[in-house]
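A.B. asks: Based on the provided sequences and hints, a complete structural model is requested.
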Amino acid sequence: MASNDSKFALFLGCVIPNRYPFIERATRAVFEKFKIELVDMKGASCCPAPGVFRGFDIETWLVVGARNITIAEELGLDIALMCNGCYGSLLEVNHTLKEDKEKRRKVNEHLAKIGREFKGTIEIRHVVDIMYHDIGPEKIRNRTKYGRKTPLNLNLAVHYGCHLTKPAKLRPWDMECENPTFFDELVEISGCKSLNYKDKFMCCGAGGGVRGAFKELSLDYTREKLENMTAAKADVIITGCPFCHLQFDLGQVEVNNIFKDKISAPFNIPVLYFTQLIGLAIGMTPEEMGLIKSPELKGVPPFTPMKPVLTKIGDSA
Amino acid sequence: MVTKVKNLAELNGREPPKIGVYICWCGVNIGGVVDVPKLCDYARTLPYVVLASEYKFMCSDIGQGMIMEDIKDGKINRVVVASCSPRMHEETFRRACEEGGLNKFLFEQANIREHCTWVTMNDVPGATEIAKDHIRMAVAKVSELKPLEVTTVKVEPSTLVVGAGIAGINAALDLANSGYKVYLVDKSPTVGGHMAQLDKTFPTMDCSSCITTPKMSEIARNPNIELMTYSEVVSLDGYVGNFQVKIVKYPHYIDQDTCTGCGHCVDTCPVVCGNEFDLGMKPRKAIYLSFPQAVPGQYTIDMNHCIRCGICKEVCPTKSVRYNDKPEYVDIKVGTIILATGYDPYDARRMKQYGFGRIKNVINALQMERLLSSYGPTGGKVRRPSDQKEPKKLVWVQCVGSREFTGKGRKYCSRVCCMYATKQARSYKEKHPDAQIFIFYIDLRAFGKGYEEFYNDTAKNYGIKFIRGRVAELLEAENGNVIVRAEDTTLQRPLELEVDMVVLSVGLEPREDIDDIARIFNVTATKTEDGFLMEAHPKLRPVDTLTEGIFVAGNVVGPKDIPDTVAQAKAAASSASTLMARGEVEIVPYYSIVLSHKCAGCKSCISLCPFNAITFNEIENVAEINDILCKGCGTCVAGCPSKAIIQNHFGDAQILPMIETAIPKKPEKEEVEVE
Amino acid sequence: MENIKPEKITYVSDDLTRLLRDAGYLELCACIQCGTCTGSCPSGRRTASRTRSLMKKVQLGLKEEILSDKELWFCSTCYTCLERCPRGVPVTDVIISLRNLAVKEGYMQEPHIALCKMFYNTGHGVPINEEKWKKLREYHKLNELPPTTHQYPEAEKEIQTLLKSTEFDKLTGVGDYEKKKGEEES
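Residue numbers (our numbering), protein chains in the order written: chain A, 1 to 317; chain B, 1 to 675; chain C, 1 to 186.
Because the hints were derived from the structure by calculation, they are not lab data.
What you were told as hints is all true, and nothing was included just to trick you.
Computed list of lysine-lysine pairs in DSS-like fashion (alpha-carbon distance at most 27 Å, straight line):
id, chain 1, residue 1, chain 2, residue 2
1, C, K180, A, K113
2, A, K106, C, K157
3, A, K42, C, K157
4, B, K313, B, K187
5, A, K42, C, K141
6, A, K113, C, K164
Restraint ranges, calculated between C-beta atoms of paired labels, are given here:
id, chain 1, residue 1, chain 2, residue 2, range
7, C, E131, A, A232, 35 to 43 Å
8, B, K360, C, E64, 46 to 54 Å
9, A, I263, B, K465, 31 to 39 Å
10, B, L546, A, M175, 30 to 38 Å
11, C, T47, A, K260, 14 to 22 Å
12, B, D41, C, E64, 54 to 62 Å
13, B, E478, A, E138, 29 to 37 Å
14, C, R18, B, N304, 57 to 65 Å
15, C, K104, B, T406, 29 to 37 Å
16, B, D443, C, R18, 25 to 33 Å
17, A, E109, C, E64, 30 to 38 Å
Backbone N, C-alpha and C fix where the C-beta goes; we use that ideal spot for every residue, glycine too.
C.D. replies: Have a look at this one:
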């Protein structure tokens, strides 16, 4: 543990800054409300992605991951990140290099060429973890009192994503990865109901380089999950990872397209990143939470309709 | 020319040592790795060694005969055998020494098998060097050993049997029928253990109650058996032949002598809670009898639930209700003890992917036994918990908590689950021929007498489908059905079945209180990796513990089926009666002795002794060691600040020469030249 | 003739077991082929990929067969099999290591090579490669470029130095090796 509890180095990754910037916007705004300062990690890169780059060359993955960590080490801050993939990579890299002296020596040989050194002084934290363990449900619940007059009252299909809970041994969820409930608890503070649906803890299909190389296979996972979410009558899909988010958002359009003969009706479920929902619950505006689409820009997210959510807001506003 | 050092015996004017060294080939175990004849040559060069011989199997009649001959011929007066571990054959060779006419404590065994050739088998020169070291050390020690006399103590002709399941019942009956007094103690209010909960038994399909309940009533009737249910052993003192046991009898709050078991109280008791015997699937009252055939047949009040409304007291025709009953402590003296405390079924909640406790229609196999039982919660009509519907399609999941190396379960195979699942499935099919049943297994283990035939018959005649694949996960469907996911590994295809109910074939675990049992009975050291108590030798002393006079039987040692459990119970009873029939037992004289002239009376040894063997003589102001209670652990010897305690057989006089000869060093001036 | 396909295993080696043992996968040698991994695999439910069979092939050292099969890339690294394996085989990690070996042997999916190029050139696997992404950021009141390698060209250079240092550029044919290949072809 390097830093004080109310300040973190914010690691952005790739998908959030370069495709889903409203996740960054909403998260920054919500964290500010809870007086947690997020400091930029200047010059950070791809984590690198645990499925693809780790799959190509573990050593490179360790070296580039270590470089990212050194940026936060220089700031003397623990890393906060918003992506399950980045979590999987940096958590694993950080742990490996803290434990394995030989690997650390090798990695530092490479890093020396750019004048850096992995020291092993910081921790890696997912924003779900920070929200649940540091801020805590109680504090968030208290804030909702000053937020909305009426509860949001949506039926949520929470998608945990894989690397938030697995492998279980390095993660802060008491080895629970078969049937965790912390994410449901967190989002239910908003006044919404978190649904049980079949294969709730199944993968979205995007990871491991599958989306990149075998899109149809990857989207077949998503189709199945969307069918189960629909069967449970979900109003909104909640994610804690931009890649899962992309898979459900852009993926929904793609599923409707390539599986049109296989599905009974096109899917049309709004997808929210969990901080967007928490933000709404504590009284922040849909605009601040990035729910309002740009009227000019075409071919940018969100691809799923925000209107059902906005209507709810309108109802209770 | 070898430098020889005069030893203490010689300095004290006794006969100088004449050591015979015997090196065993142990077939190829030792002989296949090291050059035994060369080791003999080496041994002959060691101080006081007068002869060195070798033989294929020293433990055989011929091998032992060689030692006896040499002693009788007066060639030797001390013996070293370099062979296996003393745990294996120390007694064998000591007996040979004794029969040859030598004090059996003038023997030392060098372990050149377990400590040498088995672990260094690929390094012949290295192994030979290690073997030499062991032999040299043994010779150094044996030169300094003193003859010791064994002590004998009387053995009380009575046995404490802890646990009144099928193991405890059988052991108790065998001993009682041989004429010994037996105290049979069980924690629960009734005898019978897990077997009383079972419906049928494999592979014979005979009713479990029909073979258990007669034994249970026999226990109650046998005049030699004092039955103490709802009781627990609190502490144990003493030693083999003379154990003092303190037992607490928990209050039943019902006078057990006057209660007639009429049941009026139960009808009127207003408190309803879950019945342990039916694993919570059936309610019981706060005043209860575990099950109709329970022995003893008197009632008990569960004070954790009783609201003291007083109704039972009013209605009891014999005025037997005693709300102010207190626990009663009883002291007994026994010669031997048999531990038969059994097992706990594996807690399936730990295998989270199976949703036990979360998915309503996922039950464990012991619950299934109760559902199948004619005196179970549903009178033998199996109903699924969510809606009391009769299940038409069922799955048994094998290896739940067994063969699991990740810490969520147990590494071992629980040995009974393959057969009990087959039995339960068959039982269900007998009553519901239309039902569809699947058993998912990793390996089907049918190793007992009649088991493979039982599987064959069941698969052939009952249409049960056996699928090779460990179930990956269970999901709950909207209608309460359970979705089973697995791979049929023989077809190499993933499989998804929706069924009405799933039975988890849970493995057997050490009892939750196994550590307390181990601590109270001082068998802590025998706890092995699997968590069960360890037998003294896995093959040759399967029902003994390392604490003499304490025996084990049944699942307290490890998972086993009923035939094996009963066999062990009878073996334990037989071992206990062997001790008692002889009437006295030899105590190994490894005890420590206080040199009273050196003892400063600081008492630090008293608190160090794990066996409560040291007392303080207030008059002489010195510590005294009870040579029978003392196990010779040496803690006090090491701890005594005045060096006033010495230990037989493992004293400085014996150990220091071993260390000195183990570590090569330059000759010192004090050494005395002989020859 | 297409019905006649002998699939006999005629050669078994310790190659893979040895390679993986060095990476700490001794558990795999004690795999009991229970099928929990396949049964847990969301990919196997919709493809012919069989995790258990893959583990068996590793035990038998059927290296060529494993590394050349594109099914090796069907795993979405959800880690369910790893969590459930009763023998503690780090299944997902074994697959990752096998992928490393496959890449070394030159088996790589085309889209993955494209990903490596982006990574080398920008420091991001998913970079800002169109104007609209900048505009979207500005619309959400963020700087048009994030404070990552995108904003800091020297950081981009650092990444390239590291990728050269670990020879990732050579392994995946990016950077100088992409140029070389381009020159050869032209």
